[in-house]
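Visitor: In case you want the letters, here they are:
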Amino acid sequence: DQQVKQNSPSLSVQEGRISILNCDYTNSMFDYFLWYKKYPAEGPTFLISISSIKDKNEDGRFTVFLNKSAKHLSLHIVPSQPGDSAVYFCAAALAGGTSYGKLTFGQGTILTVHP
Amino acid sequence: DTAVSQTPKYLVTQMGNDKSIKCEQNLGHDTMYWYKQDSKKFLKIMFSYNNKELIINETVPNRFSPKSPDKAHLNLHINSLELGDSAVYFCASSPGGLAQETQYFGPGTRLLVL
Numbered sequence: 023d024q025q026v027k028q029n030s031p032s033l034s035v036q037e038g039r040i041s042i043l044n045c046d047y048t049n050s051m052f053d054y055f056l057w058y059k060k061y062p063a064e065g066p067t068f069l070i071s072i073s074s075i076k077d078k079n080e081d082g083r084f085t086v087f088l089n090k091s092a093k094h095l096s097l098h099i100v101p102s103q104p105g106d107s108a109v110y111f112c113a114a115a116l117a118g119g120t121s122y123g124k125l126t127f128g129q130g131t132i133l134t135v136h137p
Numbered sequence: 274d275t276a277v278s279q280t281p282k283y284l285v286t287q288m289g290n291d292k293s294i295k296c297e298q299n300l301g302h303d304t305m306y307w308y309k310q311d312s313k314k315f316l317k318i319m320f321s322y323n324n325k326e327l328i329i330n331e332t333v334p335n336r337f338s339p340k341s342p343d344k345a346h347l348n349l350h351i352n353s354l355e356l357g358d359s360a361v362y363f364c365a366s367s368p369g370g371l372a373q374e375t376q377y378f379g380p381g382t383r384l385l386v387l
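Top line first, the protein sequences correspond to chains A and B. According to this note's numbering, the stretch in the first sequence is residues 23 to 137, in order. According to this note's numbering, the stretch in the second sequence is residues 274 to 387, in order.
No lab work stands behind these hints, which were simulated from the structure alone. All figures in this text were calculated on a predicted structure; none of them were measured in a lab. Cβ atoms here follow ideal geometry from the backbone N, Cα and C, with glycine treated the same way.
Cross-link-like lysine to any residue pairs, in silico, SDA-like; alpha carbons within 20 Å at most:
#1 A/Lys27 <-> B/Met319
#2 A/Lys27 <-> B/Lys313
#3 A/Lys124 <-> B/Pro334
#4 B/Lys313 <-> A/Ala63
#5 A/Lys76 <-> B/Thr375
#6 B/Lys317 <-> A/Phe68
#7 B/Lys313 <-> A/Pro31
#8 A/Lys124 <-> B/Phe315
#9 A/Lys27 <-> A/Phe68
#10 B/Lys314 <-> A/Asp23
FRET-style restraints, in silico, Cβ to Cβ:
#11 B/Leu327 <-> A/Glu80: 33 to 39 Å
#12 A/Thr134 <-> B/Arg383: 18 to 24 Å
#13 B/Asn290 <-> A/Ala117: 37 to 43 Å
#14 A/Thr134 <-> B/Gln373: 27 to 33 Å
#15 A/Gly105 <-> B/Lys282: 22 to 28 Å
#16 B/Asn299 <-> A/His94: 35 to 41 Å
#17 A/Glu37 <-> B/Leu327: 44 to 50 Å
Please build the complete structure, drawing on both the sequences and the hints.
Guide: Right under this line is the structure:
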């Protein structure tokens, strides 16, 4: 029972265009969401996060949107650059103290940005 | 100077063997984690330790035993390895174990059981 799903295994985008990566979750108790980025042979690195009290969080070229009623979040990258080519993982958590940092990850989406 | 390091990076072994993976963090964090990335690419948490104390213990076979000699180290010992244990294992750390904190991951250990 996968509570966080990224239904697009891969996405190919032209440099300069927008990349939109999607993520769906089933557990309505999740109240904190994160995106991690992973290059080959490296561990995931934190990219951006959003609390459930917000519907948008922006950091430079990266914006995360949260639609709680649809249990859906998306990551927008504008403009996309070849260096953004990586695997992007969506993760969800319960922000309360008893979660002890437990993150539930999706299976990742491979983003390829073509020059 | 690597923040979270794992050894070995690659591990190829036979079924039935016992093996260990080591993890060290030099970030001064109190909390460390082990994740498994299976063939379907999901990253799933296995264990979490806070200041050498086991905090999270997911449904993991008891052939897997984590050991934290101090808060900078979290090792994973696997007994009687099975084919299904083949995966990439990631260690991570965070300052205090809150979900809102950034978790810093090691480069992963690729385990192949033959």
